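Undergrad: Residue strings, one per chain:
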Amino acid sequence: MSRGKKMGKIVAIALNTFRESIRDRIFYSLLFFAVVLILFSMVLSNLTIGDPLKIVKDFGLGSISIVGTLIAIFVGIGMVYKEMEKRTIFIILSKPLARWQFLIGKYCGLSLTILVEVVVMSILLFVLCFLYVPQIPWNLLYAIIPIFFEILLILAVAFLFSTFSTAFLSGMFTLSIFIIGHFTRDLKSLAQTTEDVLFQTLSNVIYYVLPNLEYLNFKTRVVHHLNISISEVMLSLTYAIFYTIVVLLIGIFIFQRRDIN
Amino acid sequence: MTDSIAVKIKDLKKTFSNGWGKRSTIIKNLNLDIMENEIFGYLGANGAGKTTTFKLMLGLIIPDKGNIFFGGKPASDYKNRSFLGYLPETPYFYSYLTAGEALDFYASLFDMKKSLKKLRVEEMLRLVGLDHVKDLQLRKFSRGMLQRIGIAQAMINDPKLLILDEPMSGLDPMGRKDMRDIILKCRDQGKTIIFSSHIISDVELICDRASILSKGKLQQVIEMDDRQDNKNSTWEIICRGKVFDRSTIKKYGNIKHRATGNRHILSTVDKIAANLIMEEIKNQDLDLVSFGSRRKSIEDIYIKSVGVEGKKNG
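Residue numbers (my numbering), protein chains in the order written: chain A, 6 to 266; chain B, 142 to 455.
FYI, nobody ran anything at the bench for these hints, they're computed from the structure. Keep in mind that the hints are not guaranteed to be accurate.
Under the rule of at most 25 Å between Cα atoms (straight-line distance), these lysine to any residue pairs were calculated in the SDA-like manner [to be verified]:
1. B/LYS220 to A/ILE259
2. A/LYS87 to B/LYS281
3. B/LYS259 to A/VAL16
4. B/LYS220 to A/ARG92
5. B/LYS281 to A/PHE32
6. B/LYS254 to A/LEU20
7. B/LYS151 to B/ARG164
8. B/LYS259 to A/LEU20
9. A/LYS91 to A/VAL16
10. B/LYS220 to A/ALA103
11. A/LYS87 to B/LEU201
12. A/LYS11 to B/LYS214
13. B/LYS255 to A/ILE94
14. A/LYS59 to A/ILE233
15. B/LYS281 to A/ILE94
16. B/LYS206 to A/PHE258
Simulated coverage check for chain A against chain B, where a stretch passes if three residues somewhere in it have a Cβ under 8 Å from a Cβ of chain B [unchecked claim]:
17. 14 to 28
18. 83 to 97
19. 257 to 265
A quick note: this is a predicted structure, and the numbers were derived from the prediction, not measured. Even glycine gets a Cβ: it sits at the ideal position worked out from N, Cα and C.
Hey, can you work out the whole structure from these sequences and the hints?
TA: Written as structure tokens, this is what we have:
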């Protein structure tokens, strides 16, 4: 089979997944939630002392990150589990399609859904910022692009759990990894101040195995106009891509060997 | 039916974990050959292992032991599913897609040109009588309509081999007839069809051969034509008259006689005895109502076969 035909099947699965998810009500409710959050930043900026634009930016970027992650968890955990629970997977996998093609297709489709969500939220944030200061805040992209890659990484983690676990457990595990992922460095520093060997070993394992999501957090520096080099962002993105690929490969490895019942 | 083997199942075994380290065997050393261009019925009670066999064929679950081949090629290779169509028991679809979109999506999983894809989608919608609702989302479809979409997606690639899991379930009498007609038409087109059912009359009506599966074990493969052989047949004679004097045919112990009013039903497995009964009807001046060989029904064979196994296990 040629590479083009293989890709054609992945594209078909991806587009179908995208179409299915944007017709789902959850997508719109989360999008609505994001819009409300970003608009709420305007209210907040009036109530808080300080530069209102900075507050809008800070709150807006935080909203994009949180809502995007929630969407990634919601759709990611259902990626395999929902297909099995709803039994739609039986027909798909009876076609001449490798399981890895199915998984990659689903992942790409959901990534596209998240991209749409991030783009819609970003445009809204740009418009808001423009209302405060009439110039396009392109520097926000330094924070938004890494946020998008972080969400893709979380999506891959959710997908990995969904290949062998239930939706609820996958959700819990993924959320834990998202939270721990932002504190691995702090956890390691904290462990070094204690004399508890077990805690130190555990924090070391967590630090080296789990993703360090702070590498992808440029929000504060962007909001406060601190210097960010392109090479630093590129290195962070490479880290995210590498980690995502490894997680996806582990997921595929597990899924290849399991019974679809 | 031709002499070539469409599906070969060899020493197939599948167990599932019950938790706590225990495993239950669902399929026990299954060996089965399905010939090209035949309609093969796969009979068995609920939980006999019919769906598990199909899932093993499709690579959805992995066997503990044994192999399956489609036309000599291993079924475990996903590429060999390109000439196969599968209808699961109670098919489920992406509910937000329309009928047309769903079929177009399934068609895109085959190496099909865009123009052919469009043609096949329209053709299949017409075949299952759903072309008028092609723009309706599947979540608005009834159970019977979904079953029809199920058969349409199974045939979207014009497969050589069709695996249908309980295709008649959920269909009304008209739908069942349509499904039977589709299956028969497929055989006329040279396709091989395997379908499972626990409804014996469906199998009896259209199958060339049928197998009986019980508790994961193949009990018997029945050739439908063999049921007409004399040794498997019962001769049944019905006549009308006040009294039927049995004294002359009494020496044949294997004649059964039932009388309801002035109607007499005589049955025997012995052809000579059947001839004698006919002579006696003539001699005693009785009215012959009917004479014929009653085919051994699949139900008889099924109950006998599963019953024997049940006793063995019991």
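Undergrad: Check the hint pairing B/LYS281 with A/ILE94 against an upper bound of 25 Å on the C-alpha distance.
TA: holds (20 Å)
Undergrad: Are B/LYS259 and A/LEU20 close enough, with their CA atoms no more than 25 Å apart?
TA: Roughly 17 Å between the alpha carbons, so the hint for B/LYS259 and A/LEU20 holds.
Undergrad: Against the 25 Å threshold, does the CA-CA distance of A/LYS87 and B/LEU201 hold or violate the hint?
TA: Measuring from Cα to Cα gives roughly 16 Å; hence the hint holds.
Undergrad: Quick one, are B/LYS220 and A/ALA103 close enough, alpha carbons at most 25 Å?
TA: Holds. B/LYS220 to A/ALA103 sits at ~8 Å (cutoff 25 Å).
Undergrad: Given the proposed pairing of A/LYS59 with A/ILE233, does the C-alpha separation stay at or below 25 Å?
TA: holds (17 Å)
Undergrad: Verify the proposed pairing of B/LYS220 with A/ARG92, using a straight-line Cα cut of 25 Å.
TA: holds (22 Å)
Undergrad: Is A/LYS11 close enough to B/LYS214, meaning Cα to Cα at most 25 Å?
TA: holds (21 Å)
Undergrad: Does B/LYS281 pair with A/PHE32 here, judged by a C-alpha cut-off of 25 Å?
TA: holds (21 Å)
Undergrad: Between the region 257 to 265 of chain A and chain B, see if three or more residues pass the 8 Å beta-carbon test, and mark the coverage as holds or violated.
TA: holds (count 3)
Undergrad: Quickly compare the C-alpha distance for B/LYS259 and A/VAL16 to 25 Å and report which way the hint goes.
TA: holds (18 Å)
Undergrad: Verify the proposed pairing of B/LYS254 with A/LEU20, using a straight-line Cα cut of 25 Å.
TA: Holds, because 18 Å separates the two Cα atoms, which is no more than 25 Å.
Undergrad: Would you mind confirming whether the straight-line C-alpha gap from B/LYS220 to A/ILE259 stays at or under 25 Å?
TA: holds (21 Å)
The earlier numbered hints are all upheld by this structure, with none contradicted.
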